[in-house]
Structures are given as C-alpha cells and as structure tokens.
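Participant: Chain residues, written in single-letter form:
There are 2 protein chains.
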Amino acid sequence: HRGVDPTGETVYKKTTSSTLKAAIQLGITHTVGSLNQKPERDVLLQDFEVVESIFFPCEGSNLTPGHHYGDFRFKTYAPIAFRYFREMFGIRPDDYMYSLCNEPLIELSSSGASGSLFYLSSDDEFIVKTVQHKEAEFLQKLLPGYFMNLNQNKRTLLPKFYGLYCVQAAGKNIRIVVMNNLLPSSVRMHVKFDLKGSTHKRRANPKEREKAVPTFKDLDFMQDMSDGLFLEADTHNAVCKTIQRDCLLLQSFKIMDYSLLVGIHNLDQACREQNTEAAAEGAMRPQVQKSLYSTAIEAIQTETGGVEPVDQTGGIPARNSKGERLLVYIGIIDILQSYRFEHKPFLPTQDTVSVHRPSFYAERFQKFMSNVVFKKVPGKVYFILFSHPGIQSGRPDLLLQSLPHSGSAVNTPTTPTFLSLTPTIHTLSHSQDTSMSEGEGGSETPSRHHDSSTPQRLDGAFHLGLIIKSK
Amino acid sequence: HRGVDPTGETVYKKTTSSTLKAAIQLGITHTVGSLNQKPERDVLLQDFEVVESIFFPCEGSNLTPGHHYGDFRFKTYAPIAFRYFREMFGIRPDDYMYSLCNEPLIELSSSGASGSLFYLSSDDEFIVKTVQHKEAEFLQKLLPGYFMNLNQNKRTLLPKFYGLYCVQAAGKNIRIVVMNNLLPSSVRMHVKFDLKGSTHKRRANPKEREKAVPTFKDLDFMQDMSDGLFLEADTHNAVCKTIQRDCLLLQSFKIMDYSLLVGIHNLDQACREQNTEAAAEGAMRPQVQKSLYSTAIEAIQTETGGVEPVDQTGGIPARNSKGERLLVYIGIIDILQSYRFEHKPFLPTQDTVSVHRPSFYAERFQKFMSNVVFKKVPGKVYFILFSHPGIQSGRPDLLLQSLPHSGSAVNTPTTPTFLSLTPTIHTLSHSQDTSMSEGEGGSETPSRHHDSSTPQRLDGAFHLGLIIKSK
Numbered sequence: 001h002r003g004v005d006p007t008g009e010t011v012y013k014k015t016t017s018s019t020l021k022a023a024i025q026l027g028i029t030h031t032v033g034s035l036n037q038k039p040e041r042d043v044l045l046q047d048f049e050v051v052e053s054i055f056f057p058c059e060g061s062n063l064t065p066g067h068h069y070g071d072f073r074f075k076t077y078a079p080i081a082f083r084y085f086r087e088m089f090g091i092r093p094d095d096y097m098y099s100l101c102n103e104p105l106i107e108l109s110s111s112g113a114s115g116s117l118f119y120l121s122s123d124d125e126f127i128v129k130t131v132q133h134k135e136a137e138f139l140q141k142l143l144p145g146y147f148m149n150l151n152q153n154k155r156t157l158l159p160k161f162y163g164l165y166c167v168q169a170a171g172k173n174i175r176i177v178v179m180n181n182l183l184p185s186s187v188r189m190h191v192k193f194d195l196k197g198s199t200h201k202r203r204a205n206p207k208e209r210e211k212a213v214p215t216f217k218d219l220d221f222m223q224d225m226s227d228g229l230f231l232e233a234d235t236h237n238a239v240c241k242t243i244q245r246d247c248l249l250l251q252s253f254k255i256m257d258y259s260l261l262v263g264i265h266n267l268d269q270a271c272r273e274q275n276t277e278a279a280a281e282g283a284m285r286p287q288v289q290k291s292l293y294s295t296a297i298e299a300i301q302t303e304t305g306g307v308e309p310v311d312q313t314g315g316i317p318a319r320n321s322k323g324e325r326l327l328v329y330i331g332i333i334d335i336l337q338s339y340r341f342e343h344k345p346f347l348p349t350q351d352t353v354s355v356h357r358p359s360f361y362a363e364r365f366q367k368f369m370s371n372v373v374f375k376k377v378p379g380k381v382y383f384i385l386f387s388h389p390g391i392q393s394g395r396p397d398l399l400l401q402s403l404p405h406s407g408s409a410v411n412t413p414t415t416p417t418f419l420s421l422t423p424t425i426h427t428l429s430h431s432q433d434t435s436m437s438e439g440e441g442g443s444e445t446p447s448r449h450h451d452s453s454t455p456q457r458l459d460g461a462f463h464l465g466l467i468i469k470s471k
Numbered sequence: 001h002r003g004v005d006p007t008g009e010t011v012y013k014k015t016t017s018s019t020l021k022a023a024i025q026l027g028i029t030h031t032v033g034s035l036n037q038k039p040e041r042d043v044l045l046q047d048f049e050v051v052e053s054i055f056f057p058c059e060g061s062n063l064t065p066g067h068h069y070g071d072f073r074f075k076t077y078a079p080i081a082f083r084y085f086r087e088m089f090g091i092r093p094d095d096y097m098y099s100l101c102n103e104p105l106i107e108l109s110s111s112g113a114s115g116s117l118f119y120l121s122s123d124d125e126f127i128v129k130t131v132q133h134k135e136a137e138f139l140q141k142l143l144p145g146y147f148m149n150l151n152q153n154k155r156t157l158l159p160k161f162y163g164l165y166c167v168q169a170a171g172k173n174i175r176i177v178v179m180n181n182l183l184p185s186s187v188r189m190h191v192k193f194d195l196k197g198s199t200h201k202r203r204a205n206p207k208e209r210e211k212a213v214p215t216f217k218d219l220d221f222m223q224d225m226s227d228g229l230f231l232e233a234d235t236h237n238a239v240c241k242t243i244q245r246d247c248l249l250l251q252s253f254k255i256m257d258y259s260l261l262v263g264i265h266n267l268d269q270a271c272r273e274q275n276t277e278a279a280a281e282g283a284m285r286p287q288v289q290k291s292l293y294s295t296a297i298e299a300i301q302t303e304t305g306g307v308e309p310v311d312q313t314g315g316i317p318a319r320n321s322k323g324e325r326l327l328v329y330i331g332i333i334d335i336l337q338s339y340r341f342e343h344k345p346f347l348p349t350q351d352t353v354s355v356h357r358p359s360f361y362a363e364r365f366q367k368f369m370s371n372v373v374f375k376k377v378p379g380k381v382y383f384i385l386f387s388h389p390g391i392q393s394g395r396p397d398l399l400l401q402s403l404p405h406s407g408s409a410v411n412t413p414t415t416p417t418f419l420s421l422t423p424t425i426h427t428l429s430h431s432q433d434t435s436m437s438e439g440e441g442g443s444e445t446p447s448r449h450h451d452s453s454t455p456q457r458l459d460g461a462f463h464l465g466l467i468i469k470s471k
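Heads up: the sequence lines are chains A and B, in that order.
Numbering-wise, the working numbering puts 423 at position 423 of the first sequence, and it's gapless, one number per residue.
Numbering-wise, the working numbering puts 262 at position 262 of the second sequence, and it's gapless, one number per residue.
Keep in mind that the hints are not guaranteed to be accurate.
Since copy identity is lost for identical chains, a pair holds within one copy or between any two.
In silico DMTMM-like links for lysine to aspartate or glutamate, alpha-carbon gap of 20 Å or less [unchecked claim]:
#, residue 1, residue 2
1, LYS154, GLU40
2, LYS241, GLU40
3, LYS13, ASP220
4, LYS75, ASP194
5, LYS134, ASP227
6, LYS38, GLU363
These aren't lab readings, by the way, just hints derived from the structure by calculation.
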C-alpha cells in the first residue's frame with residue numbers, strides 16, 4: 001500500500017503521510033480527551049468489541065476542530081480496554097496524548113518488507129504502525145487473552161499495545177496500532193537481531209547489511225555470537241520463563257512467525273568510542289529513556305525477587321564471550337502479521353495441523369532463546385546507580401561499576417549496591433567498593449547522542465555515565 | 001429435584017445424599033490431586049471451556065479407588081481457571097481438598113425455595129450447592145467476565161466460586177458449585193436479611209418467621225431498621241463503590257434477581273446474652289473464623305487505605321440507630337439463578353427490554369443499599385485487637401473497646417488503635433483509653449457457641465472476647 005508521490009512524500013493508500021499524521025493526531029486528541037471525561041470504570045467483556053467513530057469534516061463540527069486536510073472519519077477500537085492497558089503500562093492519559101499529538105510524529109524509513117508505515121513519537125516512547133485489515137481484526141480477537149496475560153504474566157515481553165485506530169480517508173481504511181518503542185534511540189545499538197529459532201533463509205540480506213546498524217538474523221547470530229549472550233542465572237531463568245509464558249499465549253492463539261528483537265548496547269565498546277570521539281566532538285553518552293516505558297528489565301524482575309532493577313533504560317545486563325559488558329534490549333515482535341495471509345481468524349476448533357504448527361514453532365523458539373541465545377553465567381553483572389544534583393526522581397543516571405573478573409571476586413559484595421536517588425555523585429564514596437574511578441565528574445557534562453539511523457535525541461538532561469576502570 | 005426416601009434420607013435426582021457426598025469427595029480429591037501434578041501455568045481463554053471427566057467404577061480402576069456406591073462419572077469444569085480463582089482467593093490446594101474431602105460434609109436443612117441441596121464443609125469454610133443445568137452453563141459463560149472482575153475489583157462482594165463439578169449417577173447429571181460461606185456459623189447472627197431493593201412481596205413469610213434466626217426481607221428491613229445501618233464514611237464509600245462495580249458486571253451479563261445477604265451480629269446484645277447465659281452454662285462467645293476465607297471486611301479495605309482491617313471474621317463494624325455495635329456480614333448471592341427459567345443464555349445482542357431490565361434492577365439495588373440500608377455516620381467505630389498467649393498468628397481475638405458516644409469524643413484517638421499480635425491480654429494496659437474493663441480475663445476461658453440453626457463449632461481455640469463498659 002505504500003508509495004511515494006511526485007513531491008517525494010510517502011503515500012499510503014492514496015493518503016499522504018502528512019495527512020495521515022494530522023488525522024492520527026486529531027483523532028487521538030479527541031478520543032483520549034472524550035475518554036477523560038467519562039468516569040473510570042472496570043473493563044467489561046463487551047468492551048473489547050466496541051468501536052467508537054467520529055467524523056472530522058475539514059470545516060470543523062460541534063465536536064471536532066477544523067483542519068486543512070480532506071474530511072476523514074476516525075475510529076477507536078475498544079477504547080475502555082486500551083485505557084486499561086495504558087494504565088497497566090503506567091502511561092498517563094495526558095502523557096499519551098501529549099507525546100503523540102503535541103509534537104511531530106517522525107516517519108521512519110526502515111519499515112522492512114511489510115509495506116507498513118512507521119512513525120515514532122518525538123519523545124521516542126511510542127511507535128505508530130499501519131496494520132492490515134486482518135491484523136487489526138485479529139488484534140481485536142486477541143484482546144481478552146491479552147488482558148488475561150497482562151494480569152498474570154506481568155513481565156511479558158509481548159508488544160505493549162496502547163491503542164488501535166482506523167482513519168477513513170479518501171474512501172480507504174487505514175488501520176494503525178500504537179505500541180511501545182523497544183529500542184530507545186537514545187541508546188546506541190551496536191548490533192541488532194531478529195531471531196525466530198529457525199535457520200531457513202535466516203540470514204540478513206546484502207541490502208540490510210549495508211545499513212549503519214543492520215538487523216541480523218538467526219544464522220548471523222550463530223556465526224557471529226556463537227557463544228551467546230551471558231546472563232546471570234536468576235536473570236536467565238526469569239527471561240526464559242517469561243518467554244515460555246508468552247509463547248504459551250501465542251501458541252494458544254495459533255500465532256507463528258513472531259520474532260525476538262534483540263538490541264545490544266556494548267558498554268565497553270561505547271566507552272572506547274567515547275574516548276575516541278570525545279576529542280573530536282565532545283563526550284558521547286547515550287541518554288536514558290524514561291523507565292516508565294521500558295520493557296526488557298521489567299521482564300527479568302522476577303516475583304521471587306532475585307534480580308533488582310539496574311538499568312533505567314530497560315536493558316538487561318549481560319556479557320558477551322569476550323567478557324564485555326552489554327545492555328540487551330529484547331521484546332517479542334510481529335505477533336499480528338502471521339494473520340495477514342495464511343491463517344484463518346482464531347477459532348476454538350481447527351484442524352490438528354494448524355494446532356501443531358504453532359506449538360512446534362513456539363517450542364523451537366523457546367529452545368533457541370534458552371539454549372543458544374541466552375546462556376547462564378555464574379556470578380553477578382552489576383551496576384551502581386546514582387543521581388546528579390537536582391535530577392528529577394525516577395530517572396537516575398547509570399554508572400557502571402568496574403567488575404572484577406570471575407575468580408578475583410572474593411571481596412566483591414554478592415548483591416548489587418544501590419545508591420538510588422541520593423542526591424549527589426559523592427554518595428558513591430559510601431560504597432564499600434574502592435575500585436570506583438575518581439573521574440566520574442565528567443559524566444555531568446551535557447552530552448549528545450548521534451546515530452544516523454535514528455532521530456537525534458536532544459533532551460540533554462540525563463545521561464548514561466560510563467566509568468570503567470580496568471583491573 | 002429434592003425429596004426424602006423412606007429411611008428419611010434426602011434424595012436428589014434419585015441419588016441419596018450420602019452417595020452424592022461420597023461422589024463429591026472422591027471426585028474433588030481426584031481432580032485436585034491430578035491438578036497438583038500438573039505444572040503451574042497461566043490461565044488461557046480456552047481454559048474456561050474445558051471439561052475434564054473421570055469414571056469411578058465401584059470396583060475401582062487404575063486411576064480411581066474402589067467405593068461402596070454405584071458407578072458414577074465426575075466432571076470438573078474449567079479446572080485450570082478455578083485453580084487460578086482459588087489461588088486468587090488465597091485457598092491452598094491442600095486446604096481445599098482437606099476441608100471438603102477429609103471431613104464430613106454437613107447437609108443444611110434450610111435450603112430455601114430453590115430446591116437445591118446445600119452442604120457445609122466441617123470447618124465452616126465452604127458451601128457446596130447443587131445447581132441446575134442452565135445455571136452451570138451460565139456460570140461457564142460468566143467465567144471470562146468473572147476473571148476480569150476479580151483482577152480489577154479486588155473487593156468484590158460477588159460469590160467466591162471455587163469449583164464447578166458434575167456428578168453423573170443413575171443416569172442423571174447433578175451439577176454442584178463450591179462457594180465461600182458468607183455467614184460464619186461461629187458468629188451468632190442476631191438478624192439476617194435478604195435484600196433486593198424491591199418492595200413487591202418482599203416480606204418474610206410466616207414459615208420463615210418461625211425459624212430461630214429468620215431471613216427477613218426488604219419490607220421487614222424498612223420497618224424494623226428504618227434508620228439503617230450506620231457505617232463510617234470511608235467504609236460507607238467503599239461498600240457502595242464495591243456494590244456499584246459488582247452491579248456493573250452483573251448488569252453487563254444481564255443478571256437480575258440477585259440479593260445482598262446481610263447478617264448482623266449485635267455485639268452489645270451478645271454481651272448481654274453472655275452475661276445472662278454465663279451463669280447457666282458458661283461463657284458464650286462466638287469463635288473467630290479463619291480470616292482467609294472471609295469476605296465482607298476485605299470489601300471495605302479501600303485501596304486508598306482509609307479503613308484498616310479490624311475484625312478477623314469478615315464483619316464490617318457498624319452501629320444501629322440505638323448506637324449498639326454491630327458486625328455486619330454481607331455478600332451478593334443468587335447471581336446464577338435468574339438464568340434458570342426466564343432468561344436466554346448471555347448473548348452480545350439482545351432486545352432492548354432485556355438490556356434495560358437488568359440496568360433498572362442494578363440501579364434500584366445500588367440506590368437501596370447506598371441510601372436505605374447503609375448510612376454514613378461521622379466519627380469512628382473502632383476495636384482493639386489482641387491475642388491470647390500461645391495463639392496462632394492470623395487469628396487474633398477480637399476485643400471490643402468501649403466507645404465514647406459522639407460529642408464526648410474529644411480525647412478519643414482519631415484512628416483505631418491496633419495492638420495486633422502482641423502476645424498477652426495485658427498489652428491492653430498500654431491503651432490510652434482508660435475506660436477498658438478490668439474483667440477481660442474471662443475471655444480466656446474456652447467457650448462454645450450454640451445456635452440451633454447452624455452446626456455447632458467446637459474448635460474451641462479462639463474466641464471473640466467482648467468487654468464493654470457503659471459510660
């Protein structure tokens with residue numbers, strides 16, 4: 001459905017990208033606003049099937065403002081249910097509306113083979129994606145199961161669906177879904193993978209490899225990271241358990257062809273880059289994304305309390321086989337698109353073949369992630385949190401503490417030391433660990449993050465400070 | 001379906017009560033046991049529709065023990081879903097099985113007009129009730145909505161459904177539901193009401209009035225308790241909000257004709273009775289039910305933290321118009337039986353009449369409870385908790401503290417004073433309130449509770465101690 005018009009603007013189903021963005025912003029502003037006026041109430045089973053519709057004539061109406069685009073109609077699917085989901089995900093209505101509607105939506109060029117159009121909210125929190133009729137229909141059917149999963153499996157790695165809408169313009173229906181942004185563009189991903197647990201044609205093609213940060217696939221992973229990603233035992237267990245629970249849900253809805261998106265930020269490499277680039281254009285440190293919207297780290301905070309939140313950007317602390325420190329960002333993606341062509345909509349009774357294929361897919365997926373991608377490592381991968389003076393609470397900066405290599409870990413505290421929310425960097429002197437660098441003051445210098453593949457983040461208030469001292 | 005055989009034993013659908021009890025106990029033992037062997041996993045949408053079936057030949061089988069009754073088949077509806085519900089309600093599998101299957105089930109005579117057979121577990125926690133085909137079918141349809149309500153409305157006053165089963169014997173299906181026991185038989189109810197918010201024929205009939213503790217109805221309430229039951233403002237708000245949320249769910253499933261069961265234990269009256277009866281046959285104090293299974297008090301513990309748990313038996317502290325102290329036990333009952341005859345099973349689209357009738361019913365019900373039955377009273381209705389030496393934690397005894405009447409409340413602490421879990425009665429001397437009676441030692445004497453309408457509880461370990469000093 002996607003094309004480019006003579007002026008070079010993207011066109012989707014005859015609607016220009018600028019018109020679509022405007023319709024989305026007008027529509028979401030209206031629907032969130034009108035929902036705000038309704039009293040809070042519990043979600044009922046029927047709410048999953050509700051569709052609200054409002055007409056936006058360009059001249060305006062009693063309910064809608066005038067605008068400079070063609071008339072359109074905006075539909076909101078299951079408004080009460082998605083309000084509940086947003087609340088479960090900690091998204092306040094005002095923040096949702098502001099992020100999506102009061103700042104420009106940024107069109108992403110790298111939309112993959114799906115033909116979907118992707119937008120990113122200016123604050124990096126939300127992804128807006130066009131979906132096909134079948135996908136939207138399937139998401140509606142999925143909602144009761146999604147509700148149940150959210151209430152039972154709090155650490156789920158499934159996409160966070162914040163809203164499902166439809167813009168009717170120029171006689172066409174453009175359905176969009178609003179989701180979380182898994183890979184904060186403020187954190188440089190040194191390598192990315194889209195993993196399915198399959199080896200058939202699972203290698204990034206030459207065109208993908210030309211990109212600044214290509215998304216590699218299963219065969220690339222097995223070749224380039226054959227030792228896998230090392231996680232602490234507790235973290236490994238939690239990640240694998242979460243994937244298992246998510247796969248059970250996906251399997252129960254006969255979903256296949258989903259992937260685990262893995263973004264890896266290499267802290268040691270970032271530090272080397274920083275040293276190199278600092279001379280040229282100042283310190284390079286990724287900013288910290290709002291913890292509110294992050295995914296991966298929540299997934300590893302087990303109910304049993306084994307693992308503490310460490311990284312506020314949502315990254316999971318890990319190591320590669322060289323012992324380099326990593327932050328790994330993961331999430332299960334593309335759970336709707338297998339319903340585009342080959343599947344019938346979910347029905348309680350289907351033939352045995354279509355029951356067995358999803359279970360085969362889920363099992364292979366789980367095994368690959370638990371055995372090949374993620375490996376258990378003994379010991380701890382830990383960090384110290386601290387805050388700058390005057391910093392807003394909830395966004396403490398991240399300071400990496402030098403870790404003794406395994407074997408020399410005799411005097412290392414067995415649990416991470418958290419100095420969370422204490423007001424100054426000097427709090428670090430209370431740390432038992434004397435291996436802290438004295439040079440951390442440098443992290444107070446405002447810095448910028450440049451990454452050609454993603455929009456540049458200029459908020460400038462919060463930084464990921466990396467202080468590493470080699471043994 | 002209920003009758004009596006020549007020996008005087010109750011017969012239900014050609015099956016004697018003793019056979020039915022045995023089948024229930026064998027069946028539940030088996031189903032809970034086999035569920036225990038399966039790994040924990042999340043409930044899926046499909047789980048609500050599962051029915052497991054096992055045959056119990058009297059000679060026994062590989063899977064089932066032999067027994068002295070006729071062959072029967074035992075069906076368990078939605079086993080995984082009900083396991084989840086029991087867990088949500090804090091019922092451990094072992095406790096569930098033990099309470100229902102390792103001690104006799106007590107047949108209750110007062111089954112009302114429904115023709116249902118009622119059993120009470122020996123430990124007073126569970127009610128087993130026969131339900132009709134339509135009711136069982138409707139409960140199955142209700143389960144997804146029930147799941148959603150439980151996850152959103154933690155204080156719900158709806159029945160706690162712990163299990164739905166079917167005994168197939170003598171060519172008949174006997175469906176049973178296991179629920180919570182709302183009115184602990186260990187606490188003497190001085191008066192009981194079944195309230196709907198309707199006045200049409202809502203007066204207890206002469207036969208009911210002959211009972212030791214009749215269940216009165218709306219017109220009786222309006223006549224005998226015309227001033228209503230006085231609750232603290234926070235409690236009142238919480239109770240009304242909970243009823244409102246429950247009614248929304250009931251309305252969404254087009255349920256009508258449900259009642260609020262209200263059991264009232266009058267503490268002042270109990271104290272007078274105690275003084276009178278103590279001379280004749282020793283102290284009379286109701287025992288305390290396990291807090292785990294109680295309902296009403298949970299419902300008034302708002303998320304906002306306004307109200308603290310006070311009474312471990314599940315009673316809500318209240319007053320009548322004479323200023324007497326009450327414990328009020330409430331719950332919404334009979335939510336399945338409106339589906340017996342007049343309704344079609346729940347369907348998303350029905351005619352407007354049947355949509356409006358449930359909403360009318362719900363609104364009238366709420367208004368009656370919020371305005372007529374429960375009234376707001378300024379100030380606090382409070383209690384002091386203390387424990388006997390050697391008492392098990394979780395079951396502190398209840399000691400009523402004398403309350404100054406409103407107007408003389410200047411020196412009264414504004415919040416309840418809790419001396420929870422402190423080991424001896426002497427802790428009470430730390431209380432600021434000097435109006436405490438010195439006679440509280442008497443509450444350490446083991447006591448029994450006699451109530452002809454309910455089975456006698458002889459556990460004897462825990463007592464409700466009442467120490468009241470008039471001003």
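Participant: Next step is simple, just say for each hint if it's right about the structure.
Facilitator: Hints versus structure:
| no. | hint | in the structure |
| --- | --- | --- |
| 1 | LYS154 <-> GLU40 | between (22 Å within a copy, 15 Å between copies) |
| 2 | LYS241 <-> GLU40 | between (34 Å within a copy, 12 Å between copies) |
| 3 | LYS13 <-> ASP220 | neither (35 Å within a copy, 68 Å between copies) |
| 4 | LYS75 <-> ASP194 | neither (32 Å within a copy, 45 Å between copies) |
| 5 | LYS134 <-> ASP227 | neither (39 Å within a copy, 59 Å between copies) |
| 6 | LYS38 <-> GLU363 | between (44 Å within a copy, 18 Å between copies) |
When each numbered hint is compared with the structure, violations occur for hints 3, 4, 5.
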